[in-house]
Amino acid sequence: MKQGKISSIRMRREISGWLFVLPMLLFFLLFVVYPILKAIKSSFYGFDYTHYYWSGLDNYRTIFSDALFWKSIRNTLEFVLYLVPSITVIALMIAVTIHTYPKKMQSFFKAAFYIPGVTSIVSLTLVWQYIYNGQFGLGNYVLEKLGLQSVNWLGVNSATLALSLIVLTISVGSAVVVFSAALGGIPKDFYESASLDGAKPGKMFYRITLPMLKPTLLYVVVTGTIGAFQVFAIILIMTGGGPAYRTTTIMMLIYQQAFVNMNFGVANAMGLVLCVIISLIAYVQFKFLKSDIEY
Numbered sequence: 001m002k003q004g005k006i007s008s009i010r011m012r013r014e015i016s017g018w019l020f021v022l023p024m025l026l027f028f029l030l031f032v033v034y035p036i037l038k039a040i041k042s043s044f045y046g047f048d049y050t051h052y053y054w055s056g057l058d059n060y061r062t063i064f065s066d067a068l069f070w071k072s073i074r075n076t077l078e079f080v081l082y083l084v085p086s087i088t089v090i091a092l093m094i095a096v097t098i099h100t101y102p103k104k105m106q107s108f109f110k111a112a113f114y115i116p117g118v119t120s121i122v123s124l125t126l127v128w129q130y131i132y133n134g135q136f137g138l139g140n141y142v143l144e145k146l147g148l149q150s151v152n153w154l155g156v157n158s159a160t161l162a163l164s165l166i167v168l169t170i171s172v173g174s175a176v177v178v179f180s181a182a183l184g185g186i187p188k189d190f191y192e193s194a195s196l197d198g199a200k201p202g203k204m205f206y207r208i209t210l211p212m213l214k215p216t217l218l219y220v221v222v223t224g225t226i227g228a229f230q231v232f233a234i235i236l237i238m239t240g241g242g243p244a245y246r247t248t249t250i251m252m253l254i255y256q257q258a259f260v261n262m263n264f265g266v267a268n269a270m271g272l273v274l275c276v277i278i279s280l281i282a283y284v285q286f287k288f289l290k291s292d293i294e295y
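Residue numbers are given in the UniProt record's numbering: position 103 of the sequence shown equals residue 103, and the series is strictly consecutive.
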């Protein structure tokens, strides 16, 4: 009888727990798992504007034989190489600098850097569109005042860097907040002990701060990589993938295939290839940056 009562109480607790997570579980299944399964299925189908039909691996053969697809992969990887290291390093430098200020100043600077990350991307991109304007833009105006030649910011040779700068200004704020929180969690005893032993600030940074920040570095690098692979709105507004497909990323190509060319099967196949690429890169990042440190 006593054992049965204990089992009944345990069952009620388990049911209560499942009822609490049920709304989010249903949301996850409906809006994450189900679309993924539909995308996988759709990647094996074609569409002729009236109905879907089975096409097997034709969509994958199409994308792997398309030179523009491989160019979009290269363009996307270029964005990743520009953005991930720069966001990580700049955010870490800012966070370390802010961490030396009083608490109220820390809150002010963290909010100031974070605001662009929660502002409408469209609004910010339109501001940058004015800055990069070749005739009356602020960018060339400043260069002329400094005695330098004007730049075709969105030309073939500079478009990727110009767009990366926009993404950097928008994304660095969230990384600053994450690094700042992690720095606040490092025990001060470590620094006090190192200081008593005569360690200089630079050595303490490399021997204490960086190792303790390794889990946070992993988080920032992985999420930054995913975000860089998914850059879309800024490119759509600023260049539309041009000039000469120089800024056509894989996300831009997926959009064009799905909503311009109506090749939904091809677009889903590209999306799954993108998912595999991101997963492989994330796996490598986890292997190199994983840490057992907890604080």
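Take the hints with a grain of salt, since some may be wrong.
Said to hold, decoys possible - Computed cross-link-like contacts, BS3-like style, restricted to lysine-lysine with a CA-CA straight-line distance of at most 25 Å:
1) 200 <-> 214
2) 103 <-> 214
3) 41 <-> 110
4) 104 <-> 41
5) 38 <-> 110
6) 200 <-> 188
7) 38 <-> 103
8) 290 <-> 188
9) 104 <-> 145
10) 110 <-> 188
11) 145 <-> 214
12) 290 <-> 203
13) 203 <-> 188
14) 103 <-> 41
15) 214 <-> 203
No lab work stands behind these hints: they were computed from the structure. Given the structure is predicted, the values throughout are model-derived calculations rather than measurements.
**OP:** For the pair we were handed, residue 290 and residue 188, check the Cα-Cα distance against 25 Å.
**Re:** Holds. Residue 290 to residue 188 sits at ~23 Å (cutoff 25 Å).
Original post:
Regarding the pair residue 203 and residue 188, is the alpha-carbon distance no greater than 25 Å?
Top reply: holds (15 Å)
Original post:
Keeping to a limit of 25 Å between CA atoms, is the pair of residue 200 and residue 214 held or broken?
Top reply: It holds: about 21 Å lies between the C-alpha atoms, which stays within 25 Å.
Subject >> Pair hint outcome, residue 290 versus residue 203 [Cα-Cα no greater than 25 Å] >> reply: holds (22 Å)
Original post:
Does residue 38 pair with residue 103 here, judged by a C-alpha cut-off of 25 Å?
Top reply: violated (49 Å)
**OP:** Measure nothing beyond the straight line between the CA atoms of residue 41 and residue 110; if it is 25 Å or shorter, mark the hint as holding.
**Re:** violated (44 Å)
Original post:
Given the proposed pairing of residue 103 with residue 214, does the C-alpha separation stay at or below 25 Å?
Top reply: holds (24 Å)
Original post:
Does the structure keep residue 104 and residue 41 at a Cα separation of 25 Å or less?
Top reply: It is violated: about 53 Å lies between the C-alpha atoms, which goes past 25 Å.
Original post:
Are residue 110 and residue 188 close enough, with their CA atoms no more than 25 Å apart?
Top reply: holds (21 Å)
Subject >> Proposed proximity, residue 145 with residue 104 (alpha carbon, max 25 Å) >> reply: violated (37 Å)
Original post:
Regarding the pair residue 38 and residue 110, is the alpha-carbon distance no greater than 25 Å?
Top reply: It is violated: about 40 Å lies between the C-alpha atoms, which goes past 25 Å.
**OP:** Decide if the proposed pair is consistent with the structure: residue 214 and residue 203, CA atoms, cutoff 25 Å inclusive.
**Re:** Since the Cα atoms of residue 214 and residue 203 sit roughly 16 Å apart, the hinted pair holds (cutoff 25 Å).
Hints 3, 4, 5, 7, 9, 11 and 14 from the earlier list are contradicted by this structure; the remaining hints agree with it.
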